[in-house]
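Engineer: Given the coordinates of chain A, assemble chains B, C, D, E and F onto it according to the supplied hints.
6 protein chains.
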Amino acid sequence: MVAVEELWPASLAESWDTVGPVVGRPERKVKRIMFAVDPTLEVVADAVARGTDLLITHHPLLLRPVNSVAATGFKGEAVHLLIESGCALLTAHTNADSAIGGVSDVLADIFGLTDTQPLAPSKDGLPEEGIGRVGMLPEPLQLHEFASRVFSAMPAVAGGVRVAGERAGIVRKVAVCGGAGDSLFDAVRAAEADVYVTADLRHHPASEAREAALNGKPYLIDVSHFASEWLWLPTAAESLKNVLQDLGHEVEVGVSAINTDPWDFILTP
Amino acid sequence: MVAVEELWPASLAESWDTVGPVVGRPERKVKRIMFAVDPTLEVVADAVARGTDLLITHHPLLLRPVNSVAATGFKGEAVHLLIESGCALLTAHTNADSAIGGVSDVLADIFGLTDTQPLAPSKDGLPEEGIGRVGMLPEPLQLHEFASRVFSAMPAVAGGVRVAGERAGIVRKVAVCGGAGDSLFDAVRAAEADVYVTADLRHHPASEAREAALNGKPYLIDVSHFASEWLWLPTAAESLKNVLQDLGHEVEVGVSAINTDPWDFILTP
Amino acid sequence: MVAVEELWPASLAESWDTVGPVVGRPERKVKRIMFAVDPTLEVVADAVARGTDLLITHHPLLLRPVNSVAATGFKGEAVHLLIESGCALLTAHTNADSAIGGVSDVLADIFGLTDTQPLAPSKDGLPEEGIGRVGMLPEPLQLHEFASRVFSAMPAVAGGVRVAGERAGIVRKVAVCGGAGDSLFDAVRAAEADVYVTADLRHHPASEAREAALNGKPYLIDVSHFASEWLWLPTAAESLKNVLQDLGHEVEVGVSAINTDPWDFILTP
Amino acid sequence: MVAVEELWPASLAESWDTVGPVVGRPERKVKRIMFAVDPTLEVVADAVARGTDLLITHHPLLLRPVNSVAATGFKGEAVHLLIESGCALLTAHTNADSAIGGVSDVLADIFGLTDTQPLAPSKDGLPEEGIGRVGMLPEPLQLHEFASRVFSAMPAVAGGVRVAGERAGIVRKVAVCGGAGDSLFDAVRAAEADVYVTADLRHHPASEAREAALNGKPYLIDVSHFASEWLWLPTAAESLKNVLQDLGHEVEVGVSAINTDPWDFILTP
Amino acid sequence: MVAVEELWPASLAESWDTVGPVVGRPERKVKRIMFAVDPTLEVVADAVARGTDLLITHHPLLLRPVNSVAATGFKGEAVHLLIESGCALLTAHTNADSAIGGVSDVLADIFGLTDTQPLAPSKDGLPEEGIGRVGMLPEPLQLHEFASRVFSAMPAVAGGVRVAGERAGIVRKVAVCGGAGDSLFDAVRAAEADVYVTADLRHHPASEAREAALNGKPYLIDVSHFASEWLWLPTAAESLKNVLQDLGHEVEVGVSAINTDPWDFILTP
Amino acid sequence: MVAVEELWPASLAESWDTVGPVVGRPERKVKRIMFAVDPTLEVVADAVARGTDLLITHHPLLLRPVNSVAATGFKGEAVHLLIESGCALLTAHTNADSAIGGVSDVLADIFGLTDTQPLAPSKDGLPEEGIGRVGMLPEPLQLHEFASRVFSAMPAVAGGVRVAGERAGIVRKVAVCGGAGDSLFDAVRAAEADVYVTADLRHHPASEAREAALNGKPYLIDVSHFASEWLWLPTAAESLKNVLQDLGHEVEVGVSAINTDPWDFILTP
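Residue numbers (full-length UniProt numbering), protein chains in the order written: chain A, 1 to 269; chain B, 1 to 269; chain C, 1 to 269; chain D, 1 to 269; chain E, 1 to 269; chain F, 1 to 269.
It cannot be assumed that every hint is accurate.
One copy or two, it doesn't matter: identical chains are merged, so the pair holds either way.
Think about it this way: if two alpha-carbon atoms lie no more than 25 angstroms apart in a straight line, the pair counts; the simulated SDA-like pairs of lysine to any residue are [stated by the list, open to error]:
1) 31 to 73
2) 173 to 244
3) 31 to 252
4) 31 to 21
5) 29 to 41
6) 29 to 84
7) 173 to 267
8) 241 to 45
9) 29 to 45
10) 241 to 86
11) 173 to 266
12) 31 to 72
13) 123 to 185
14) 173 to 126
15) 173 to 189
16) 241 to 72
If you are wondering where the hints come from, they were derived from the structure by calculation, not from laboratory data.
Bound-form chain A, shown alone (with noise of 0.2 angstroms):
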């Protein structure tokens, strides 16, 4: 599909993953498409339950790849269940975190970042494109007034949003990554970024990078992994509209309501 490779080029994928059509007759015409984060189970019935033609997930279906899709685990469900419905699948994925309009740029437009560069340039893209961003807030504010902010941009999850560092200090110079972001603490050090906002932390890394902070920073806030990445599916969708709208396809563009942070809900001192 013509529209999704201008958007977010294949050439921006790491090496490592997989992206473009996973399921689908390329023939077929396309009226309906959804967005989602990931192709659950529950989100893929939802879809073809609402007469989709076409899902775009940021998440593959099958980044390991498989030597059977018999329908005897969940991923081969989700295939039978797309094929028996004649609904596609196609994935964008690192392309979609890397691109100019991706994952990344959506966060660091949603906290009102300046300025903004990548925190991992991409090889083989544009300078401005690649993993992650920083950039500078527009007014210095309190550790906790930034953390508030992140909060309150994010769709609900049970699992909130953890902060480690003092609700008091100053952060003016922000590092975004959609998503698991712990392999870039080098260059958020390198950018000497006040915070770091990504996913999936875990406690070594958390420890080691707070450990090796100067004064402090970078403090660190932990969002969800879907949440994150969720930020991006309006954006995404509304682009992919335009795309299609101007090469003359009328098509409805939407977006999964299913929520699949996999956590229900959370106890707190």
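Structural biologist: This is chains B, C, D, E and F only, laid out in the frame that chain A set:
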């Protein structure tokens, strides 16, 4: 499917191989089963046209694992055709080579061998199980006589049967391996076979085997890969039908009539 | 040190792990021992300030081996602080996870489990030794009731306790693994546990475990890595004191009061 | 030998290949040179019997390196025979495949191709050098007509020439690769050749190529590995003779009459 | 330390090497510096006894990285001794081999070589930098004369200087490599050196080099590894003192008097 | 050759090693056998000049396997010289190190050791077989006395015998390993030997062994690699002669008089 596992246990498969269900819903009832060597598009379309519920092939559709089953290639096209038509696909490959009553056993039977043993015994199976077989002809034959028997026993394919050795040489001890058997030359020599019947022998393995031959033996007979494995299909179909009847299932079991040997004609001196 | 080897034998450590003495002179007399989860600079400074002769931590300081201990980084800084103050450092990590009375055993005890067995039995140890434990609650509980018990048993940390599953779902069989347990999902499913309590679960492993769940089980409870291992410290201190007294040594043994969970506060819906 | 390096430079050899002198004293004078495809014992004995000083073969004797040349196997036997008779051995393998006037070029010439280009251009050579060639027939032919020409151009071997495709299909653009060419299918498809002539095609590569074919093309013609490379010998002998004459050396150059195709007879339908 | 980096830049180190600070607090003032070849316990104890603040050695203490610096081995003992005494340790190894004024340059100077060039030029350095040197003697010498000069230039060690070659053979072009130089034989031959002076030559490399010699050259002179590198120490100490004085620091710089060649006596014919 | 296999079974060779016949026709009669340490050109030429039919060397000619034996290098030159002269070559390397009556056993005998055991027992051999030996001197000696005995027992070579340790230190338990033994230091320490006699010790292994020594032991004695293995030749020749006579063969067996130690002279303090 219990019956398949009983006949050709997955534990007999080689470590690099992938066997078992590839497409289909395990809960669906099966009324018509078809056997074939290769899951080519022609075989799949024919099976679907005949109302087949389960296609059992010797060669895997997805031996190299895939990240996508989109119908942009012939493998994805086969997956779509099968799922859209409600036809399951199952592979019985190196497990069916090794089993008692498997590909190698059927070949040995057709050539009338006695006192047969595996060329490469299966590590986790019975002593009678393993890749290839070696056994004795009931009476000594000249090489050209034995080659004629091999030729007559096989389904006719364009490429015929190639022979290396003296026409009048005497053969008594015969090694066979359905499909490509060029990794078993050491076992063939250790068994002191007079002739080795297998498929897909290329110039270098065949030449080195001829150079290393003692008194010109083992002679070599190179047959069609497809034909050598096709011989197993009727036996396999019969066995499966019997097992299913014993379990109280009334199922039609057939063999595909499509020739999937790739060659269409030959020019010879 | 003989007493440490008796309690947590090095042979129980995983192959990638490094346990035993890290800093210190073996001939020096030990009067005060302190236990902690992490050898952070704050923990080391506090231990030194309290006149500690031997600091025993669960996490290794030098898991990734080093070519330099210059005080140009926080690990070298810790080495200098310890040697300058005459305080030794010793690690009891995956050996303490696996041992009887080790981290996993203590968690199982605190949750009141009976008939406990290791999730992944130790290859070179007793049958009761190994990573993780699975056992039965004395009576069935609803998931939210059990989660509350887990929450109450843990030292309070900012991130709290996250739960995936239905509040009213019934749990009887419980799997636990102190620290990061995402490599044990196969063992948890094989054990048919109703719920799995562990730490550091990220989006993809947790989501895939939820998709693969049968009837929604196992439920997941994600606790603080630090908190799950802290629970072992008082028991470990008590055991070591007893062993040393039996050997005729009069030694003070304490537990560090420093919270080394990296998170300082949380925002929840 | 300078002349050999000029004609078939070692820099054109593939990285896994071994070319150049294998046996012989560099200072010894050469009066008689013989070319052959394979250094079999029969070829070596014949060369020695004819008083050959230098045997040049296409296939290496010691492609897999050896720790012993004792005459306990056929390779050591060949080394002894050569050294005892004062006959040198030299290999021109993938360098002779790639060179201008090399194996692939000779095949293209014999089939009358024009506008030829390499299928896989050599990295370190001229633009006209590389493995395989693709070019145009002077006029369109039906597949069976073209196959007849291929058959007539080759030295007669038992196995003949196998063809996959429709007899009456039209071919104009032809890809050729002497020896085993199954690694070049991607290049053949990219070149949009109507037919691919090569050797040693086994069931799986041939079948997958037929399944992936668009409108049935490229058709496949499988010839004898030996025969496809033998065609190069007279040209090579002529070229070497000329170069040596230009250098003022009076040398006899011949081609071995031994057929080293391993197959002796064939049975066809 | 800026002065050290200026003299022996870390970028000149080989990829497998580890150079720079190993022990010590960067903020501590340095008054006394001592140079040595090896950080043996005897060298460290002597340095500490003399009030040294910084010990600079050619060989790394922790070339193989460690998970523990407990004083249960001689490396941990050295770390404890250094930190307890407030003495830092710094390594200048293959970077000091390669640099201008480094180990190889000093050897070339002492032997009076002119027109020197590196044997293996440094990839990231100046053209004059790299491992080993090759240059011309001011006048031709007999091998035994040149060996006597080498012997006289070296600090006396038990093992002396071993020579392979004819006593009266003429040498003019000399290759040198401080420390173990057996990986540079190809470069020595390419440079057409008459003699190669290096250390730690074992039977097989030395024998193969002698067998491969043309007209018996290059001759070999095997010196003490320690002695060949010790020669660099006075020059290094002088250079560092000068750089520090230029920067306005008044520092004592000395050379350790401890002989760390492992051999104590020799018996010769 | 049956006699060789009986004396030094190939199964005792290390996995990286290559032993057995290297050059020669197995059917040729053998009248004169010569033993040598190294198959240098000088040794081969001397053997050929003396009418030798079989040269048995300790070191392999083709340890690194080769793709060519052209006489463009010294190894190919040796192959040509041997085959042209009808002299076979056979290697008895690590199998001869390990065997009873092998290199290590002969060294232990010459030093008068009793109660000898292998340093590294052979996995597939008898308990008395393996690399190296450790045993007791009949009476305690001072280190310099023992070194003198070692020196006197060895054939004279230029490099002499180097010793690390106190002249007057007492040695009783002695470890020996013919050839390069620096991989056996752990076994030497575990055996609590007072002194270790081996060859080819370089600076770093020797220094680290000295640093790790307890009370200065084990002392080290570094002998000529060639000399340590030459000692085995007369015993080996005698044993082979006896075995052959028992088999009824009348064969001359001798030892090469060529010294293949690479060093020609030494300068010492």
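Engineer: If a hint holds in the structure, say so; if it doesn't, say that too.
Structural biologist: Checked hints:
Taking identical chains as interchangeable, the C-alpha atoms of residue 31 and residue 73 lie at most 25 angstroms apart only when they sit on different chains, with a minimum of 23 angstroms there against 29 angstroms within one chain. Taking the closest pair of Cα atoms, residue 173 and residue 244 never come within 25 angstroms of each other, the shortest separation being 37 angstroms inside a single copy and 39 angstroms across copies. In the homo-oligomer, the alpha carbons of residue 31 and residue 252 lie at most 25 angstroms apart inside one protomer (6 angstroms), although the nearest pairing across protomers, at 41 angstroms, exceeds that limit. Only within a single protomer do residue 31 and residue 21 lie at most 25 angstroms apart by alpha-carbon distance; the minimum there is 17 angstroms, versus 33 angstroms between protomers.
In this assembly of identical chains, residue 29 and residue 41 lie within 25 angstroms of each other by CA distance both inside one copy and across copies; the values are 24 angstroms within and 23 angstroms between. With identical chains, the CA atoms of residue 29 and residue 84 are at most 25 angstroms apart both within one copy (16 angstroms) and between copies (17 angstroms). Within a single copy, residue 173 and residue 267 get their C-alpha atoms only as close as 32 angstroms, which misses the 25 angstroms cut-off; across copies the closest is 21 angstroms, which meets it. In this homomeric assembly, residue 241 and residue 45 come within 25 angstroms of each other (Cα to Cα) only inside a single copy, at 23 angstroms, whereas the closest approach across copies is 37 angstroms.
For a Cα distance limit of 25 angstroms, the shortest separation of residue 29 from residue 45 qualifies both inside one copy, at 20 angstroms, and across copies, at 23 angstroms. Only within a single protomer do residue 241 and residue 86 lie at most 25 angstroms apart by alpha-carbon distance; the minimum there is 21 angstroms, versus 34 angstroms between protomers. In this assembly of identical chains, the alpha carbons of residue 173 and residue 266 lie at most 25 angstroms apart only when taken from different copies (21 angstroms versus 31 angstroms within one copy). Taking the closest pair of Cα atoms, residue 31 and residue 72 come within 25 angstroms of each other only across two copies (20 angstroms); inside a single copy the shortest separation is 31 angstroms, beyond that limit.
Taking identical chains as interchangeable, the C-alpha atoms of residue 123 and residue 185 lie at most 25 angstroms apart only when both belong to the same chain, with a minimum of 19 angstroms there against 29 angstroms between chains. Taking the shortest Cα distances, residue 173 and residue 126 sit within 25 angstroms of each other inside one copy (23 angstroms), while across copies they are farther apart (39 angstroms). Taking CA atoms no more than 25 angstroms apart as the test, residue 173 paired with residue 189 passes inside one copy only; the shortest distance there is 11 angstroms, against 45 angstroms between copies. Only between protomers do residue 241 and residue 72 lie at most 25 angstroms apart by alpha-carbon distance; the minimum there is 24 angstroms, versus 36 angstroms within a single protomer.
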